[in-house]
Structures are given as C-alpha cells and as structure tokens.
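Listed here are the chains, written in short residue letters.
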Amino acid sequence: MYLMSEFSEPSTLTVAVQALKARGIAPENLDIFSSEPVDLEHGVLDRPSRMSRYAVLGGAGVGLLSVAFVYYTQLNYRLITGGMPYFSPWATGVIHYELTMLGAVGATFLTFLWEAGLLRRDKAAPVPVLAASGHIYLRVRCEAGQVLAAGECLYQAGASNVQKLEEKS
Amino acid sequence: MKSNMATTVHTLPHDRLQEDVWRPLRETSTRYVITVLLVGAVALWGLFCWGYQIHKGIGVVGKNRPSMWAFYILNFVFWIGISHAGTLISAILRLTHAGWRKPVTRAAEAITVFCLMIGGLFPIIHLGRPWIFYYLIPYPNQRVLWPNFRSPLVWDLTAILTYLTGSVLFLYLPMIPDLAQLALHTTGWRRFLYRTLALGWTGSDREWHALERAMKLMAGLILAVAVSVHTVVAWDFAMAIAPLWHSTIFGPYFVVGAIFSGIAALLLIMAVIRKFMNLEAYLEPRHFENLSRLLFLMCLLWLYFTVSENLTAWYGNQPHEMQVFGTRVRGQYAPWFWLMVVCNFIVPFVLLGIRRLRNITTISISSVCVLIGMWLERFLIVFPTLAHPPLAAAWTTGYNPTWVEISIAVSTFAAMALLYLIFSKLFPIIAVWEYRYVPDE
Numbered sequence: 033m034y035l036m037s038e039f040s041e042p043s044t045l046t047v048a049v050q051a052l053k054a055r056g057i058a059p060e061n062l063d064i065f066s067s068e069p070v071d072l073e074h075g076v077l078d079r080p081s082r083m084s085r086y087a088v089l090g091g092a093g094v095g096l097l098s099v100a101f102v103y104y105t106q107l108n109y110r111l112i113t114g115g116m117p118y119f120s121p122w123a124t125g126v127i128h129y130e131l132t133m134l135g136a137v138g139a140t141f142l143t144f145l146w147e148a149g150l151l152r153r154d155k156a157a158p159v160p161v162l163a164a165s166g167h168i169y170l171r172v173r174c175e176a177g178q179v180l181a182a183g184e185c186l187y188q189a190g191a192s193n194v195q196k197l198e199e200k201s
Numbered sequence: 002m003k004s005n006m007a008t009t010v011h012t013l014p015h016d017r018l019q020e021d022v023w024r025p026l027r028e029t030s031t032r033y034v035i036t037v038l039l040v041g042a043v044a045l046w047g048l049f050c051w052g053y054q055i056h057k058g059i060g061v062v063g064k065n066r067p068s069m070w071a072f073y074i075l076n077f078v079f080w081i082g083i084s085h086a087g088t089l090i091s092a093i094l095r096l097t098h099a100g101w102r103k104p105v106t107r108a109a110e111a112i113t114v115f116c117l118m119i120g121g122l123f124p125i126i127h128l129g130r131p132w133i134f135y136y137l138i139p140y141p142n143q144r145v146l147w148p149n150f151r152s153p154l155v156w157d158l159t160a161i162l163t164y165l166t167g168s169v170l171f172l173y174l175p176m177i178p179d180l181a182q183l184a185l186h187t188t189g190w191r192r193f194l195y196r197t198l199a200l201g202w203t204g205s206d207r208e209w210h211a212l213e214r215a216m217k218l219m220a221g222l223i224l225a226v227a228v229s230v231h232t233v234v235a236w237d238f239a240m241a242i243a244p245l246w247h248s249t250i251f252g253p254y255f256v257v258g259a260i261f262s263g264i265a266a267l268l269l270i271m272a273v274i275r276k277f278m279n280l281e282a283y284l285e286p287r288h289f290e291n292l293s294r295l296l297f298l299m300c301l302l303w304l305y306f307t308v309s310e311n312l313t314a315w316y317g318n319q320p321h322e323m324q325v326f327g328t329r330v331r332g333q334y335a336p337w338f339w340l341m342v343v344c345n346f347i348v349p350f351v352l353l354g355i356r357r358l359r360n361i362t363t364i365s366i367s368s369v370c371v372l373i374g375m376w377l378e379r380f381l382i383v384f385p386t387l388a389h390p391p392l393a394a395a396w397t398t399g400y401n402p403t404w405v406e407i408s409i410a411v412s413t414f415a416a417m418a419l420l421y422l423i424f425s426k427l428f429p430i431i432a433v434w435e436y437r438y439v440p441d442e
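As you go down the protein sequences, you meet chains A and B in turn. Following this note's numbering, the numbering of the first sequence begins with 33 at its first residue and continues without gaps. Following this note's numbering, the numbering of the second sequence begins with 2 at its first residue and continues without gaps.
Just so you know, the hints here were simulated from the structure itself, not pulled from any lab data. Every value quoted in this text rests on a predicted model; they were computed, and no experiment measured them. Be aware that a few hints might be false.
Stated by the list, open to error - Computed spacing ranges between beta-carbons, pair by pair:
| id | chain 1 | residue 1 | chain 2 | residue 2 | range |
| --- | --- | --- | --- | --- | --- |
| 1 | B | Leu154 | A | Leu151 | 34 to 42 Å |
| 2 | B | Asn291 | A | Gln188 | 42 to 50 Å |
| 3 | B | His98 | A | Leu111 | 45 to 53 Å |
| 4 | B | Leu96 | A | Asp154 | 28 to 36 Å |
| 5 | B | Leu194 | A | Glu198 | 26 to 34 Å |
| 6 | A | Arg85 | B | Arg331 | 55 to 63 Å |
| 7 | B | Lys57 | A | Pro121 | 42 to 50 Å |
| 8 | A | Leu96 | B | Lys57 | 41 to 49 Å |
| 9 | B | Gly317 | A | Leu151 | 57 to 65 Å |
Where is the CB? At the ideal position from N, CA and C, for every residue including glycine.
Let the sequences and hints guide you as you build the complete structure.
Shown next, in the form of structure tokens:
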C-alpha cells in the first residue's frame with residue numbers, strides 16, 4: 033500500500049518526513065520525487081552510501097590485476113631489455129595508474145546505478161510523472177493499518193493531493 | 002547588447018528555460034542544414050584522403066627520415082590538448098562549487114569527448130596499415146606478439162582509453178535527468194532514444210543522492226586522469242633523448258598548454274552556440290568574463306613555461322640543442338615561432354588584460370589566436386627536433402606536408418564541428434535541472 037502526496041516547499045516536506053518517522057515508518061519506505069534535487073537538512077532522510085569505498089576497491093582491484101597481467105606477460109613473453117629487468121614497475125607504472133583510475137571510474141558508475149536503484153527498480157511501486165518543475169512528491173510505503181495515521185501526518189504537515197495507491201500488478 | 006542579456010537565471014520561469022534550451026532539438030533551420038552539409042562534405046573529403054593513403058601507401062604523405070611522426074603526431078597532441086577544455090575545467094569548477102559553471106559544463110564536457118575521439122584517430126591514421134591496429138591490444142596469439150608495456154605509445158593507449166571512458170560517463174551522468182524529462186515531452190524515435198538512455202530515471206531522492214555523489218567522485222578522479230593524460234602525451238617526447246624534448250618540465254608544460262588551448266576552444270564554442278542557438282540569456286557576458294580571466298592566467302603561465310624551457314636550453318649552450326633552438330628562434334622556423342608568441346601572448350595579453358577592450362568579440366578573437374598559437378607550438382616542438390636528430394649526418398632541411406596530410410588535418414576540424422552540431426541537435430547543450438538547482442550552501 034502506498035500514499036502519494038504533493039508538497040510545494042522542502043520545509044513542509046521535512047515536517048512530514050519527521051512525523052512519519054516518529055510514527056514508526058522506516059526511512060527505506062519513504063521516497064521523495066522531484067525534477068530537481070531537494071536539499072533536506074542532515075538527519076531528516078539520509079541515504080547512506082558506499083560509493084567512495086567501492087571506487088577505492090574497484091581502483092585497487094583493477095590496478096592489481098593490471099600489475100599481475102603486465103608482470104606475467106613480461107615474464108612469459110620476454111622482450112629484449114638490454115640486461116634490464118623484464119618487469120619494471122617504474123617503466124609500466126603509467127599503465128597501472130591509468131588502469132587503477134579506470135577501475136575506480138567503472139566502480140563509481142556501477143555503484144551509482146546500484147544505489148540509484150536504476151538496475152533494480154521495483155516496477156510494482158507507483159511513480160509520479162514529473163512533467164513540470166517545482167512539484168515535490170512524497171511516496172510512503174506502509175501497511176494497511178498505518179494508512180490513516182500516515183495520511184494524517186501528511187495533511188498536518190501541509191501536503192496536498194494525498195492519494196492512496198495500490199501496487200501495480 | 003540585447004536587453005535580455007542582463008536577465009539572470011533565477012528570474013527566468015522554468016518553462017521558458019526549458020523551451021529555450023530544448024528549441025534547437027525540435028527546430029531545424031536552413032542555416033543548420035547548410036552548415037551540416039558543408040562540414041560533412043569536408044569531413045568526407047578527409048575520409049577520402051585517408052582511404053587514398055591506405056590504398057596508395059604511406060608514401061603519399063610528406064613523412065621522411067628522420068621526420069617520421071610529422072603532421073599526424075602534431076594534430077594528435079593538438080586535439081588531445083583541446084580535450085582538456087571540457088572535463089578538466091568542468092571538474093575543477095564542480096569541485097570548487099563555482100555557481101557560474103552551470104551553463105558551461107555540458108558544452109565543455111562534449112568538447113572533451115569529441116576531441117578525444119578525433120585525437121585518438123591520429124595514431125591509427127599514422128600507422129599506414131590501420132587494419133592491423135589490433136596488434137596493439139594485448140591478447141595471447143600464435144605470433145607471440147605482445148606489446149611492449151614500456152613504450153610511451155602503449156601508455157598513451159591506456160591513458161586515452163581511461164580518459165575517454167571517464168569523460169563519456171562524466172558527460173552522460175548529469176544528462177540522465179534531462180533525458181528523462183525529454184522522454185516525457187517527445188514522441189517517436191526521440192522518445193525511444195531518451196527513454197533508453199534515461200535508464201528509467203524517476204527523479205527520486207535516492208537517484209539524486211547517488212548522482213551527486215557519483216559526480217563528486219568522478220570529478221576528483223577525472224581531474225587526476227586529465228592531468229596524467231597530457232603528461233603522458235608529453236612523455237612521448239620527453240622520454241626520447243632528443244634535443245629540446247628531453248626535459249623535466251615537459252609534462253607540466255604540456256598540461257598548461259592543454260588547459261590554455263582547452264579554455265580557448267571552450268570560449269569559442271560558447272560564443273558560437275550563444276549566437277546561433279539564441280542562448281544569450283543563459284550564456285551571459287559574466288560567463289565569458291570569468292573564463293577569460295582563466296584564459297589570461299593560463300596565458301601568463303604559458304609564457305612562464307616557454308621562457309623557462311627556452312632559456313635553460315639557450316644558457317646550456319649544448320651544440321645539438323642550440324642547432325634546434327637556432328632554427329626555431331632565428332632560422333627556418335623563426336616566423337612561426339614569433340607568430341606563436343604573438344598569438345599566444347601578445348594578442349590575449351592586450352585584449353584580455355585591458356579591461357576596456359574585454360568583451361565577447363575580443364575574447365573570441367583571443368581564443369582563435371590562442372588556438373592558432375597552440376597549434377604552432379606543437380608544430381615547433383615536433384618538426385625542428387625531428388629534423389635535427391643527435392647524429393648531425395641525419396639532419397635535414399625540413400619536412401613539407403602533402404595535400405593528403407593537410408586535407409586530413411583540416412577535415413578533423415570539420416569533423417569536430419559536425420559531431421558538435423549533431424550532439425546539439427540530439428541533446429540539450431545546457432543542463433536544465435542543474436541550471437535551476439540552487440544548492441543550500
């Protein structure tokens with residue numbers, strides 16, 4: 033069960049989100065939709081992210097792979113080096129650096145897709161059409177028993193056009 | 002100056018902003034069609050010349066021993082340098098929260114992607130037998146043919162590949178919300194294209210948060226990659242023990258030159274799209290003013306590096322270096338050298354340094370001069386040294402490009418214009434959502 037409501041100001045939206053959280057609705061069940069980003073104060077509806085961590089891991093992973101690849105290639109297919117070592121980290125450092133950055137860029141993009149939910153969209157959940165600017169929608173996912181209380185919170189905070197929506201079949 | 006130029010973004014209604022930015026996507030003027038046909042014809046001519054070179058062999062170009070890299074490497078360095086216009090400048094402006102960047106970033110990021118595509122073609126054109134380009138890609142094969150990872154040319158391949166991937170994603174990510182909006186307002190194949198590229202964007206706060214984080218991270222990463230790319234391009238030269246190439250400052254010297262030419266290209270393209278796409282209300286004089294200050298700063302930095310580079314060579318007085326230095330400054334290449342100084346320093350210093358003279362027209366003139374000057378700088382780095390290798394018996398009086406090389410070089414400018422025209426017809430050149438959004442600082 034979903035409640036979809038419309039807000040004109042981030043301040044009234046903040047009041048609604050805080051009231052809903054106080055009524056026991058988890059932040060995971062609250063979604064804000066807008067055609068431009070809405071800045072809410074820290075702690076109102078934070079979305080924890082592991083993007084930086086995955087970027088570092090992606091960079092380190094691809095970087096290490098590139099070191100292993102160049103190392104084994106240089107040892108197995110030996111080029112004439114004039115007595116210098118077959119594998120030289122200084123002479124191939126640029127390649128390791130660039131591939132480390134490529135790994136970090138790739139991991140950032142994939143984490144973006146994942147955290148934004150673009151790769152795992154819940155197609156049953158209703159989504160407002162953001163054809164015009166300036167509208168802010170709040171979608172609340174709640175149990176049937178919470179609908180009345182949640183609706184009351186939304187109205188009290190100043191929401192308009194509160195609608196009860198079912199999951200799409 | 003038109004009256005609406007004083008209008009700031011926040012007084013413009015959203016519908017008008019959207020309408021102004023989206024109008025070029027819907028309407029196709031005769032002027033647009035003629036321009037596309039013209040630049041398309043020149044680009045096709047370049048393709049024909051490349052085909053001719055492949056058919057007849059690399060002998061149709063003016064490359065000779067010892068000038069074996071010649072025109073193609075010069076254009077490669079030039080285009081990779083221009084590519085620093087976009088992603089690097091956009092990343093710096095994003096990381097420093099420069100609010101005025103908003104109408105500039107997408108136009109800049111697109112320059113990077115197209116310049117890298119064009120610049121990356123030159124090593125392949127230079128090969129002579131481009132159909133065996135895949136020899137450069139490391140894979141196990143029966144010929145036991147593996148690339149030499151120590152070669153700066155393989156460094157180039159990985160650097161440009163990373164920069165191109167990062168730049169495409171850096172351009173694409175902030176475009177997703179605009180594509181989702183466009184999908185709602187278009188029909189037919191455009192709707193299909195925008196919906197596919199929007200990846201199902203709904204405008205949820207999770208998406209906005211993820212986008213903001215991704216853009217911050219990407220800006221940091223791309224900055225490090227952009228600096229490394231042009232340093233690696235500089236090392237193509239500096240790692241060779243050749244007169245006036247084997248220099249420790251070549252890396253930063255190239256990076257400064259790249260940013261210098263990049264800002265000039267960005268200013269020029271901004272002036273063109275402002276005029277021809279009627280975006281005077283969005284690309285305001287203050288945007289040109291701010292970028293021209295950066296151009297002025299880079300002009301001074303370029304002079305500093307040029308003097309440092311040449312003064313140390315002159316003071317060292319090494320015979321093999323002085324020969325190259327002499328041909329550059331007072332010999333065969335002297336007219337080009339002093340023209341470069343005029344284009345890269347005198348003209349921008351006067352036009353941008355004197356406040357009274359600074360306006361969009363003079364900024365555009367300075368930008369054109371800087372682009373010519375930076376092309377000449379690449380020319381002067383490549384040719385005099387190639388013609389004077391350390392072994393004096395191998396010296397030659399020079400190198401003359403043939404019509405094939407000149408045609409291919411000219412056609413890349415047309416290809417750049419063509420790619421930009423197509424891009425501006427398919428995608429909004431200004432990020433509408435970003436333009437409207439005023440973050441809480």
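Going down the list of hints, with the structure as the test:
Range check, Leu154 of chain B to Leu151 of chain A: Cβ separation about 37 Å, and the 34 to 42 Å hint holds. Checked against the hint of 42 to 50 Å, the pair Asn291 of chain B and Gln188 of chain A passes, with Cβ atoms roughly 46 Å apart. Range check, His98 of chain B to Leu111 of chain A: Cβ separation about 48 Å, and the 45 to 53 Å hint holds. For the hinted restraint 28 to 36 Å between Leu96 of chain B and Asp154 of chain A, the CB-CB distance of approximately 34 Å keeps it satisfied.
A C-beta distance of roughly 32 Å is found between Leu194 of chain B and Glu198 of chain A, which places it inside the suggested range of 26 to 34 Å. Roughly 58 Å separates the CB atoms of Arg85 of chain A and Arg331 of chain B, a value that falls within the hinted 55 to 63 Å. A C-beta distance of roughly 43 Å is found between Lys57 of chain B and Pro121 of chain A, which places it inside the suggested range of 42 to 50 Å. For the hinted restraint 41 to 49 Å between Leu96 of chain A and Lys57 of chain B, the CB-CB distance of approximately 46 Å keeps it satisfied.
Checking the proposed 57 to 65 Å range against Gly317 of chain B and Leu151 of chain A shows it holds: the Cβ atoms sit about 59 Å from each other.
In summary, the structure agrees with every hint in the numbered list given earlier.
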